[in-house]
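Student: Quick mapping for you: the protein sequence lines, in order, are chains A and B. If you're matching positions, the first sequence starts at -6 in the numbering used here and goes up one per residue. If you're matching positions, the second sequence starts at 30 in the numbering used here and goes up one per residue.
No lab work stands behind these hints, which were simulated from the structure alone. Computed from a predicted model, the values in this text were never measured in an experiment. Watch out, some of these pointers could steer you wrong.
[Stated by the list, open to error] Each pair of labels, with its calculated beta carbon distance range: (1) Ala61/A - Gly173/B: 37 to 47 Å; (2) Ala203/B - Asp197/A: 44 to 54 Å; (3) Ile140/A - Arg206/B: 34 to 44 Å; (4) Gly271/A - Arg59/B: 36 to 46 Å; (5) Trp203/A - Arg206/B: 51 to 61 Å; (6) Ala203/B - Ser69/A: 27 to 37 Å; (7) Gln125/B - Ala150/A: 24 to 34 Å; (8) Lys303/A - Arg104/B: 38 to 48 Å; (9) Pro212/A - Arg195/B: 48 to 58 Å.
[Stated by the list, open to error] Where chain B lies over chain A, by a calculated footprint (3+ residues, C-beta under 8 Å): (10) -5 to 9; (11) 282 to 289; (12) 292 to 302.
[Unchecked claim] A few chain B positions that, by computed beta-carbon distances, are all more than 12 Å from chain A: (13) Ala39; (14) Pro48; (15) Asn56; (16) Arg59; (17) Thr72; (18) Val77; (19) Arg196; (20) Gly223; (21) Asp225; (22) Pro228; (23) Glu232; (24) Val243; (25) Ala244; (26) His247; (27) Thr282.
Built from N, CA and C at the ideal position, the CB exists for glycine as well.
Given next are the chains, with one letter for each unit.
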Amino acid sequence: MKDVLGTLERWTAEGRRFATATVVKTERSAPRGPGAVLAVSEQGEVAGSVTGGCVEPAVYDEAQAVLAGGPPRLVSYGIADEEAFEVGLPCGGTVHIFLAMTESDLVEQLGRAIREETPVALAMEIAGSEIGKQELVSLNGHFEPGIDGDTFYLPFAPRPNMYVFGAVDHAAAVARIGTFLGYRVTVCDARARFATRERFPEVDEIVVDWPDEFLRRAPVDERTAICVLTHDHKFDVPLLKVALETPAGYIGAMGARRTTETRNERLLAEGVTEEQLGRIHAPIGLRLGARTPEEVAVAVAAEIVATRRKAAVPA
Amino acid sequence: MRPGDVLIRAGELASAGEPFALATVVNVRRPASARRGDRAVVTPDGSVYGWVGGSCSEPTVVREALSALAEGESRVVSTEGSCASEGAVEILVEPQLPAPLLAIVGESPAADTLARLAAAIDWRVARGQDERADAVVVATMGRGDEEALAAALAGPAGYVGLVASRRRAEAVAASLRAAGVHEDALARLKSPAGLDLGPIRQEEVAVAILAELVAWRHARTPTEAPSAEAVDPVCGMTVSLAGTETIVHEGTTYAFCGAGCRRRFEADPSRYATVTA
């Protein structure tokens, strides 16, 4: 959707009506996932793509029918293995596409929300009595595009936050791979000498503050990743205590097995429960035998991916 | 040799992507011919550039350097007991292995994303087949993937991975087997490539593959077996056969820590030959 928004805003400004075809679900292989949009204007202009080629002509005809006053509708296309190969797919699958008119108000609102980094979701009724209705709603946990009941939710969320505590060597590598994974990365350390732009040229924000105090006021949601690399009980015990009070999706803490045990004892003494301790990934990162800071960062990133995809993590 | 020459040589090898070990004398108990801070570069053929002491420490350093290169771990070596003199030196031996070379075959968003991540963690990246590659990942999105995998499996790369859906990956592996690719070669094939983290986005797929590569790198047995060792029949020191003095006597190869021991052996082979026979 984002890729065609500029064109839709232009069409809106020029007073053109248009229909949108939105991928709402895919099965097996599909060239483009849920949220991919093909828009067709009254004048027959096309923007975007739903499959990268093979079913576009059929979708274009459906969109013309909607523009001519036809009802909004959900259509499904199978992509045969041979056709799939032509659009660069190793094998075929099925795409479910929803067609409807999209109102200019909605396009304007969406454009504004994205520019202002306001988290919103486009809710599209794809079945039921209100079929065809589209509105912007609060994100409310819909961080991935998907169908819930009769509604398809397409999220437009600002980047999730990654907070890296401890301006150590490993922090630079973890921050770099966090940026790669699409996080807005903040590095926090109480020591101004270490938390410098020279050492972390690529991160979004550098904060010199007590880690627990910073985290207490920082925005945290289910997508937030908290990486505790401070390596010092003085910082990490109060910090982890605050982290466990947040809904953060990932909390990882560095430290060898012994360090982790001592830290857990202290956290328990501070009133943290065993169940809460279970949320902390420690020692941080999948056990890959990583040696260099860069390899440790890969292990951390792999653990974050596995956690957010809820995969069974290989021990 | 001027001070700094060893470091210059080390820099040259490092920028050429050649493996070597840097040996530095960190402690000296006199009498010894080395001084603290003396350095040498040891290459995988066992040759030494620099000075870390004479015949009593050099064979030890070569042996430990080759083994450090094979294992990838630094170590401190002592020449205690291996010298005729009372002195001893302690030497830090640091293997300097070039970053692994990952060849990425295919022009696709998945290939681009993987290349970006591999470079971000300081691996070397080649786009397309490269016979020097330690690992090959094929991300052609179906176009010529079997041919690319067969070519990679015919080479020395220890890891060969295919980016594809599980269904496609299994089909390709079966097809390679049917085409007669040897089971030993297929054992190096990861199809689909990457740890099963349930990845969805390109970036996540790249992380899953790099994670598998890191695990593979540290789990594998050294591809170059540590070179053969032998015991000097004269002084009893363990020496590496690479770059050392050897002679063949009555069909058996004897290795020596230096010319001195070799000459003593040659003067009276029967006195020493039985030691290792």
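Student: Each hint should be assessed against the structure and marked as holding or not.
Tutor: Tested hints:
A hinted range of 37 to 47 Å for the beta carbons of Ala61/A and Gly173/B is consistent with their spacing of about 44 Å. Our hint of 44 to 54 Å for Ala203/B and Asp197/A holds, since their Cβ atoms are close to 46 Å apart. For the hinted restraint 34 to 44 Å between Ile140/A and Arg206/B, the CB-CB distance of approximately 39 Å keeps it satisfied. Checked against the given bound of 36 to 46 Å, the beta carbons of Gly271/A and Arg59/B, roughly 58 Å apart, lie outside it.
Taken as a hint, the range 51 to 61 Å holds for the pair Trp203/A and Arg206/B, whose Cβ atoms sit roughly 59 Å apart. A beta carbon spacing of about 30 Å between Ala203/B and Ser69/A agrees with the range 27 to 37 Å that was offered as a hint. Distance hint for Gln125/B and Ala150/A: a CB-CB separation of about 44 Å, inconsistent with the stated range 24 to 34 Å. Our hint of 38 to 48 Å for Lys303/A and Arg104/B holds, since their Cβ atoms are close to 42 Å apart.
Checked against the hint of 48 to 58 Å, the pair Pro212/A and Arg195/B fails, with Cβ atoms roughly 37 Å apart. With 0 residues having a beta carbon nearer than 8 Å to a beta carbon of chain B, the stretch -5 to 9 of chain A misses the requirement of three or more and the stated coverage is violated. Check on the stretch 282 to 289 of chain A: 6 of its residues sit with their Cβ under 8 Å from a Cβ of chain B, so the three-residue criterion for coverage holds. Given as covered by chain B, the stretch 292 to 302 of chain A passes the check, having 6 residues with a CB less than 8 Å from a CB of that chain where 3 are the minimum.
The Cβ of Ala39/B lies farther than 12 Å from every Cβ of chain A, with a closest approach of about 19 Å, so its non-interface assignment holds. With a least beta-carbon separation of about 16 Å from chain A, Pro48/B lies farther than 12 Å from that chain, consistent with its non-interface assignment. Every CB of chain A is more than 12 Å from the CB of Asn56/B (nearest about 26 Å), matching its label as outside the interface. The beta carbon of Arg59/B sits about 36 Å from the closest Cβ of chain A, which is more than 12 Å, so the claim that it is off the interface holds.
With a least beta-carbon separation of about 23 Å from chain A, Thr72/B lies farther than 12 Å from that chain, consistent with its non-interface assignment. With a least CB separation of 26 Å from chain A, Val77/B remains clear of the 12 Å interface cut-off, as annotated. Its closest Cβ contact with chain A, about 6 Å, brings Arg196/B to no more than 12 Å, contrary to its assignment away from the interface. Consistency note on Gly223/B: stated as away from chain A, yet its beta-carbon is not over 12 Å from all of that chain's, at 9 Å minimum.
In this structure Asp225/B is not separated from chain A by more than 12 Å, as the shortest Cβ-Cβ distance comes to only about 6 Å. At the 12 Å boundary, the C-beta of Pro228/B falls inside the reach of chain A, the nearest C-beta of that chain being 6 Å off. The Cβ of Glu232/B does not lie farther than 12 Å from every Cβ of chain A; its closest approach is about 5 Å, which violates its non-interface assignment. The beta carbon of Val243/B sits about 4 Å from the closest Cβ of chain A, which is not more than 12 Å, so the claim that it is off the interface is violated.
Residue placement check: Ala244/B does not keep its beta carbon more than 12 Å from all beta carbons of chain A (closest about 4 Å). Interface exclusion of His247/B from chain A breaks down, the closest Cβ pair being 3 Å apart, not more than 12 Å. Against chain A, the non-interface label of Thr282/B holds: every CB pair exceeds 12 Å, the least being about 36 Å.
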